[in-house]
Amino acid sequence: EDQVTQSPEALRLQEGESSSLNCSYTVSGLRGLFWYRQDPGKGPEFLFTLYSAGEEKEKERLKATLTKKESFLHITAPKPEDSATYLCAVQAGAGGSYIPTFGRGTSLIVHP
Amino acid sequence: EPEVTQTPSHQVTQMGQEVILRCVPISNHLYFYWYRQILGQKVEFLVSFYNNEISEKSEIFDDQFSVERPDGSNFTLKIRSTKLEDSAMYFCARGLSHYEQYFGPGTRLTVT
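Heads up: the sequence lines are chains A and B, in that order.
Following the working numbering, the numbering of the first sequence begins with 48 at its first residue and continues without gaps.
Following the working numbering, the numbering of the second sequence begins with 442 at its first residue and continues without gaps.
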């Protein structure tokens, strides 16, 4: 049973075409929700941590938002260099654990 | 940006052999982690290490695995008696807290 579900699995955009990636979660007692970027054959690159519903964080063309059930990663006017797989992970607070659970990721391709 | 180096970048070993994967965190971060990612699969938590002790480990991290900081700097993951299903990318990560982790480039382990 997946606790973290990312959609869509793959997304193709034209340069400049804004869109959003979704991460829905079913854990209770969320400690933190994380977004990473992963390029092929590389390690995940930390982007954001969100802690509570209503929180938003921005970095360049990326903006992450959080509700009680899901998080969105909004990409505004993407460029080809934004092409990567975007991973979401959650930490649930049950039992004092900090073990993160990752989603399968959304593969984003931005065409020039 | 915080950096982690991992060696080797690629390790090929025969089933049943022992391997040691190394991580060199370039700063004084307190928390260290090992993750693995089987090709095409999710990133999976293996173990977290704090103050020279294991703080948490997943079900994957059984008696086949061990971690240590032999010289106070390098952080190693040892896999005893490797199996075919151990073939994966292994990532070391570090952080000042559990809420912001920086991953290394990974070691690709191939068990034949």
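It is worth saying that the hints were derived from the structure and are not from the lab.
The structure presented is a predicted model; accordingly, all values stated were derived computationally and were not measured.
There may be inaccurate statements among the hints.
Here are the simulated lysine-lysine pairs, DSBU-like style, with alpha carbons at most 30 Å apart [what the hints assert, rightly or not]: (1) LYS498(B) - LYS524(B); (2) LYS126(A) - LYS483(B); (3) LYS524(B) - LYS106(A); (4) LYS115(A) - LYS498(B).
Covered stretches of chain A, going by a simulated chain B footprint (3 or more residues, C-beta under 8 Å) [unchecked claim]: (5) 59–66; (6) 85–93; (7) 117–130.
The C-beta atom is built at its ideal place from N, Cα and C for all residues, glycine as well.
Hints, verified against the model:
Between the alpha carbons of LYS498(B) and LYS524(B) the distance comes to roughly 20 Å, so the proposed pair stays at or under 30 Å and holds. Between LYS126(A) and LYS483(B) the CA atoms are separated by roughly 26 Å; this keeps the pair inside 30 Å, and the hint holds. Among the hinted pairs, LYS524(B) with LYS106(A) is inconsistent with the structure: their alpha-carbon atoms are about 41 Å apart, more than 30 Å. With a C-alpha separation of about 27 Å, the suggested pairing of LYS115(A) with LYS498(B) holds against the 30 Å cut-off.
Here's how the segment 59–66 of chain A fares: 0 of its residues keep a CB closer than 8 Å to some CB of chain B, so the rule of at least three is not met and the hint is violated. Counting residues of the segment 85–93 of chain A whose CB lies closer than 8 Å to any CB of chain B gives 6, which reaches the minimum of 3, so the coverage claim holds. Here's how the segment 117–130 of chain A fares: 0 of its residues keep a CB closer than 8 Å to some CB of chain B, so the rule of at least three is not met and the hint is violated.
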